[in-house]
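Q: Guided by the hints, dock chain B onto chain A, whose structure is given.
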Amino acid sequence: MTSISEQLSDALGIMIMGMGLVFTFLSILIVGIGIVAKLFPAPVAMPSQPVPSTSGQPALDPKLVTAITSAIHQYRAK
Amino acid sequence: MEGLMAFWSETGIANFSGGQLLMMAVGCLLLFLAIAKGFEPLLLLPIGFGAILANIPNAGFTEEGGLLYFAYHVGIETGIFPLLIFMGVGALTDFGALIANPKTLLLGAAAQFGIFATLLGAIALNAVPGFEFTMQDAAAIAIIGGADGPTAIFLASKLAPELLGAIAVAAYSYMALVPLIQPPIMKLLTTKAERAIKMEQLREVSKKEKIIFPLMVLGMTILFLPAATPLVGMFCLGNLMKESGVVDRLSKTAQNELINIVTIFLGLAVGSKLSAEQFLRIETLGILVLGAVAFSIGTAAGVLMAKLMCKLSGGKVNPLIGAAGVSAVPMAARVVNKVGLESNDQNFLLMHAMGPNVAGVLGSAVAAGVLLAVLG
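Protein chains in written order, with numbering that gives the first Met the number 0: chain A, 0 to 77; chain B, 0 to 375.
Only chain A is shown next, with the shape it has when bound in the complex (with noise of 0.2 Å):
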């Protein structure tokens, strides 16, 4: 039987290195999600390209305004 003060120190050397690992894990976890989230932005960033390309561009190209017409009118036409 070991004392208990030997157990107590047992402990606390289980515990420094416990919470120092769940610290290490979670925050390399933390690095990695943040390169994820840099390798595949999140879809909150594509609302705003469309915004600045129909403000340059003041309306659709004619072209494909008939194409997209046509395309309707051979659909109902079924």
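Hints in this document: simulated from the structure, not taken from any laboratory. We put the CB at the ideal spot given by N, CA and C, even for glycine. Please note that the accuracy of each hint is not assured.
[Stated by the list, open to error] Capping the alpha-carbon separation at 30 Å, the derived lysine-lysine pairs in BS3-like fashion look like this:
id, chain 1, residue 1, chain 2, residue 2
1, A, Lys37, B, Lys206
2, B, Lys315, B, Lys191
3, B, Lys186, B, Lys36
4, A, Lys37, B, Lys102
5, B, Lys315, B, Lys337
6, B, Lys306, B, Lys337
7, B, Lys306, A, Lys37
8, B, Lys310, A, Lys37
9, B, Lys197, A, Lys37
10, B, Lys306, B, Lys197
11, B, Lys191, A, Lys37
12, B, Lys36, B, Lys197
13, B, Lys207, A, Lys37
14, B, Lys102, B, Lys36
15, B, Lys102, B, Lys207
16, B, Lys207, B, Lys315
17, B, Lys186, B, Lys102
18, B, Lys337, B, Lys186
19, B, Lys186, B, Lys315
[As the list claims (entries may be wrong)] Which residues of chain A face chain B? A few of them, derived with a C-beta cut under 8 Å, are:
id, residue
20, Leu11
21, Met14
22, Leu25
23, Ile67
24, Tyr74
[Said to hold, decoys possible] Pulled from the structure, derived: some chain A residues nowhere near chain B, Cβ distances all over 10 Å:
id, residue
25, Thr23
26, Gly33
27, Thr65
A: Quick look at chain B alone, frame taken from chain A:
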């Protein structure tokens, strides 16, 4: 007449021992808490009933060949039931709030201090005559502070099977008591102005981030802490099934039918460990006290860490969300929301608290892995 005597000697009345009656009363108390008070009914009801079944004289439920014997042998001794539950929990967990604000992982880490401080406390209790906890026992008791049922049962089944009944009952009871245990500690450690802090809205998280997250967690566990891979692996599998969106059927099964079936047998099997000779001991009292201490210290550590983050970020973090770091999903996050609303009725902290809340699940799984690696 002889037949009548033989019948009498087989009845429950003739065979009851005092301990069995007392344990049936404990089972009834658990049933009462589950049914009348709504304390974690999904687990306390089967556990309470299991406790009654396990203490019936001459029924043989817990002897070799009995139903509860097999439920325990197959499901808990092997660690399969808690792991299946963990997969279901993974399939139920949305990491969006955590990915949007990854710093909250630190809160989930800080709250695990409850576990390790209780380890120290359990060993210190050996100074009191009547207590003889080994380091393994102490670790299994300490994990109650992780406030995560499956993790506690898994670790206890590996490190201290003879204490499993008391540990599981303490873990689930205190999880049900989170709304009573946490608010006083949270209020003691924060000022009213801090509690009223409003947090910025969380950013949107892309689907790819959510799919990569469980794989990343698994990869890190493989590299640094293989002892935690049973828990983390099943958790990540469940989460990936949910987030990938291609196996809806599997994900639905994991979060509904499978977790329900397993919960029934897990509860019964844990209840079967509530036999008089294993439960009616001074150690049980110690475990109940240590469990409450573990919860309180975990909450306090989370709040203090959140206070530090509040100071460092210039008052952008509401310290209350640190209390959610002790997993107990989603109860702890709801408690944070409620206490936040008391200070500022426009302050909705629920989503912000979900981050540390699910971080706490990861944190306690990692802590369990550390304890297993060192003591297993």
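Q: Find the hints from earlier in the document that the structure breaks and name them by number, from lowest to highest.
A: Violated hints: 11, 12, 14, 23, 24, 25 and 26; rest satisfied.
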